[in-house]
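**Q** Taken in order, these protein sequences are the chains called X and G.
Okay, so the first sequence: first residue is 1 according to my numbering, each after it adds one.
Okay, so the second sequence: first residue is 1 according to my numbering, each after it adds one.
Take these hints with a grain of salt, some might be off.
Because identical chains cannot be distinguished in the list, a pair is counted as satisfied if it fits within a single copy or across any two copies.
[Unchecked claim] When the alpha-carbon atoms are kept at most 20 Å apart in a straight line, the in silico SDA-like pairs for lysine to any residue are as follows:
| hint | residue 1 | residue 2 |
| --- | --- | --- |
| 1 | Lys195 | Gly209 |
| 2 | Lys190 | Val212 |
| 3 | Lys249 | Thr50 |
| 4 | Lys186 | Ser244 |
| 5 | Lys186 | Ser236 |
To be clear, the hints were calculated from the coordinates, so they are not data collected in a lab.
2 protein chains.
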Amino acid sequence: MKPLILITNDDGVNSRGIRHLARIAREFGDVIVMAPDHNASGVSTSITCTRPLRAFLVDEEPGITYYACDGTPADCVKMGHEHFCPRRPDLVLSGINYGSNASVNVVYSGTIGAVIEACLDGYPAIGFSLLTHSPSASFDGCTEAIRHIIHQVLESPLPEYTALNVNIPYLPAEQIKGIRVCRQAKAAWKDSLEKRIDPVGRPYWWMTGKFVCENPGEDTDQYLLGEGYVTAVPISPDFTDVTSISTLKNLES
Amino acid sequence: MKPLILITNDDGVNSRGIRHLARIAREFGDVIVMAPDHNASGVSTSITCTRPLRAFLVDEEPGITYYACDGTPADCVKMGHEHFCPRRPDLVLSGINYGSNASVNVVYSGTIGAVIEACLDGYPAIGFSLLTHSPSASFDGCTEAIRHIIHQVLESPLPEYTALNVNIPYLPAEQIKGIRVCRQAKAAWKDSLEKRIDPVGRPYWWMTGKFVCENPGEDTDQYLLGEGYVTAVPISPDFTDVTSISTLKNLES
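Just chain X, with the same shape it has in the complex (with noise of 0.2 Å):
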């Protein structure tokens, strides 16, 4: 039986990013799209608690059935999996999101929150970030490194408990020096909030900020994106940081 990939994503079912995915993944297998109804950047790994959730078909081609949901990235991926596949999914892909997931954006990242759900649920999954926010980008230069990921991981297995955060520098496919494993840069973002006053005085905030990374290593996937690499970057949703433990023996008592 051919394999089953399940496909979701933060930008949304309407998104060009996640169509031009499942057409990758059409190559491989049987794909079942369920997506956010709506744009849901930012949502890190969030599941709605608080309401019920709704689901419904929104298109079919061949070899894709495109569902959406009115939750997050993280519920899409239990609603999919859970009551939408007509088997249990061989891979579950996030993406093609428009903007960069490296370093610390995996941390807010939505479509890396599905990619974190899907490796809890036991399934190999690798979310798949464009370095461009235009809306009309070209995916000429993304697609080979996107084809080689899927075919390697479906050949063989990534380790248990062990999830992708794949980026792609916007370039040319020529331009593309090659794919590297590699770790996540240490950055942060400053001055995240700008304060402005409405028409009645009173005050709000925009998200924004800077994007602080100083001295990234070589073995960095923000170092290695400003290379011209595609960087894939092994994540666990053990939070533990192991090496601390002993440190912090001082705590007990």
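Add chain G to chain X, keeping to what the hints say.
**A** Just chain G now, kept in the frame of chain X:
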């Protein structure tokens, strides 16, 4: 100058848990509370990118100023330290959450989302969760452990890029065996979405599920909580699974 302690949560500014935590923290310094104006459980490290945020004064009592924001716990940390703290905070706290954030609950938790945000912003940060969902829960059993951990962290700083996820059994103080620094247990939520039919005949789904944690090791939070210990798991905003980087070199091209 007294330490300045910024506090948030995900249950909202009107939760008894955050009032109790603020009053413990006041023993150590000046306290600014900036918390969601609503229940934001399960929102992980979400940030609000698609609309502007509001923030406003809610209440004052000796040593504590309470503000609320209409965003997420991570938004509250950004808002609090950038726009409402009179000086740089010495410590960021989140909680006291009603319900466990042990094991994989950490990935969904808004309480811990705030802690991850604060850690990225460069602050020592601790999330406190009490293992009960009763809104009228007594905090008598957890107070001494919280006081001890705040004291220790103010005295000897956490390692850079490391925060604490503290969970506390809902037991009388004399039945709590001590505090253990340990790792996050592996587990998963199964059968997360329960299908129902609305009066018009259309399906909808409620988030629910069975928490499955088979054979948690004796060095895990889930095991130690069951034994009557307070658990403190060091967590990191670096999601890299470093042990898999060499394993996955087959992905490179």
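**Q** It remains to establish, for every hint, whether it holds in the given structure.
**A** Each hint tested on the structure:
{"no.": "1", "hint": "Lys195 with Gly209", "result": "within (12 Å within a copy, 41 Å between copies)"}
{"no.": "2", "hint": "Lys190 with Val212", "result": "within (7 Å within a copy, 39 Å between copies)"}
{"no.": "3", "hint": "Lys249 with Thr50", "result": "neither (38 Å within a copy, 42 Å between copies)"}
{"no.": "4", "hint": "Lys186 with Ser244", "result": "both (17 Å within a copy, 18 Å between copies)"}
{"no.": "5", "hint": "Lys186 with Ser236", "result": "both (16 Å within a copy, 11 Å between copies)"}
In this structure, only the earlier hint numbered 3 is contradicted, and the remaining ones agree with it.
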